[in-house]
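Engineer: Chain residues, written in single-letter form:
Number of protein chains: 2
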Amino acid sequence: MMRTTIHVCTTCRLGDEPLEPKEARSGARLYRELSARAREDAFEIIPVECLSVCKRPVTIGFSAPGKWSYIYGDFPPDGSADTILEAAQLYADAPDGLIPWKDRPAEIKRGVVARIPPAFTQFAEAAE
Amino acid sequence: MMRTTIHVCTTCRLGDEPLEPKEARSGARLYRELSARAREDAFEIIPVECLSVCKRPVTIGFSAPGKWSYIYGDFPPDGSADTILEAAQLYADAPDGLIPWKDRPAEIKRGVVARIPPAFTQFAEAAE
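From first to last, the protein sequence lines stand for chains R and F. Convert by adding 1 to the 1-based position in the first sequence; the result is the number in our numbering. Convert by adding 1 to the 1-based position in the second sequence; the result is the number in our numbering.
Keep in mind that the hints were calculated from the coordinates and are not lab data. Treat the hints with care, since some could be wrong.
Intra- or inter-copy, both count: the list cannot distinguish identical chains.
[Claimed, not checked] Computed list of lysine-lysine pairs in DSS-like fashion (alpha-carbon distance at most 27 Å, straight line):
(1) K56 with K23
(2) K110 with K56
(3) K23 with K110
Here the structure is a predicted model, which is why all the values come from computation and not from measurement.
Chain R on its own, in the form it takes in the complex:
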C-alpha cells in the first residue's frame, strides 16, 4: 500500500513561545500528537526542521508518489490532529492529491500555503 507522507515542522513556534526546550515547541507537540494518532499503515509522519513558512505556525505538508504536494499552515498544536488526519485521508483517497473543494475542512481551505505538481519528470529521470 502506498502511504501518504505528512511532514510536520517541529521548529514552528506560536506567538512568544520560548526557543527552548525544543521539544515543547508547538510544532514538536503537534508532531507527537500526529505520530500517536495516525494509522501507521496509511501515514508516515516525518518531522522537519523548518518548512520556511515561519509566519504561519504550525506548518505541515501532504505528499505521495505521483500526487500534488500541499503545504498548509496555521494549525495550533492542540486539537488540530483530528482535522489534519481527516484531510490526510481525503488526500490519500484522491488519485492526484486534489481534495474536492466541498470536502475540504475549513482549516484546510484557509490554511493552504502552496502546492507543487507531481514529480513525474523527477521519477523518470531518477529511473535513468
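Fit chain F to the known structure of chain R by using the hints.
Structural biologist: Leaving out everything else, chain F in the frame of chain R:
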C-alpha cells in the same frame, strides 16, 4: 545530466490585471520569458495552472530529484527572469538544493513561500 525543474504559475495575475486573455497574464509572460532564456540542457520550465499562492504573484518553484523543493513568490514578469535563472543555477549546484544564505539573491531571500523535503520515501515506495 540531471535537469532542474522550474515550475511557473501561468495563471498568476498582478494587481487588477484582467482575467483574459490568459496569455497576457503576468504568470504566462514570465513563463515565456524563462522558456526563451533558460539553457535547455540545464532547466526544464514547466507551466502550472495555480501553485495556490495567489497573493504573491508571480509564483515559481525549483525542484530536482533528491533535493528540497522550494516555492518563491513576488516576481514581477518583467526583469525577473535573470534573477530566477541565476538562483536556479545556484540551486542546481547545491547537492541538496539548499542555496547558501549569503549567495541568495535578495528576491529569493524575501520571496520564499515554502519548502518541501526531498522525496526519498516516495522514490523508495515508487520503486516497489
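Engineer: At most 27 Å between CA atoms: does that hold for K23 and K110 within a copy, between copies, both, or neither?
Structural biologist: between (29 Å within a copy, 25 Å between copies)
Engineer: What label fits K56 with K23 when the C-alpha limit is 27 Å: within, between, both, or neither?
Structural biologist: within (18 Å within a copy, 32 Å between copies)
Engineer: Is it within, between, both, or neither for K110 and K56, if the alpha carbons may be no more than 27 Å apart?
Structural biologist: Classified as both; 17 Å inside a copy, 15 Å across copies.
Checked against the numbered hints given earlier, the structure satisfies every one of them.
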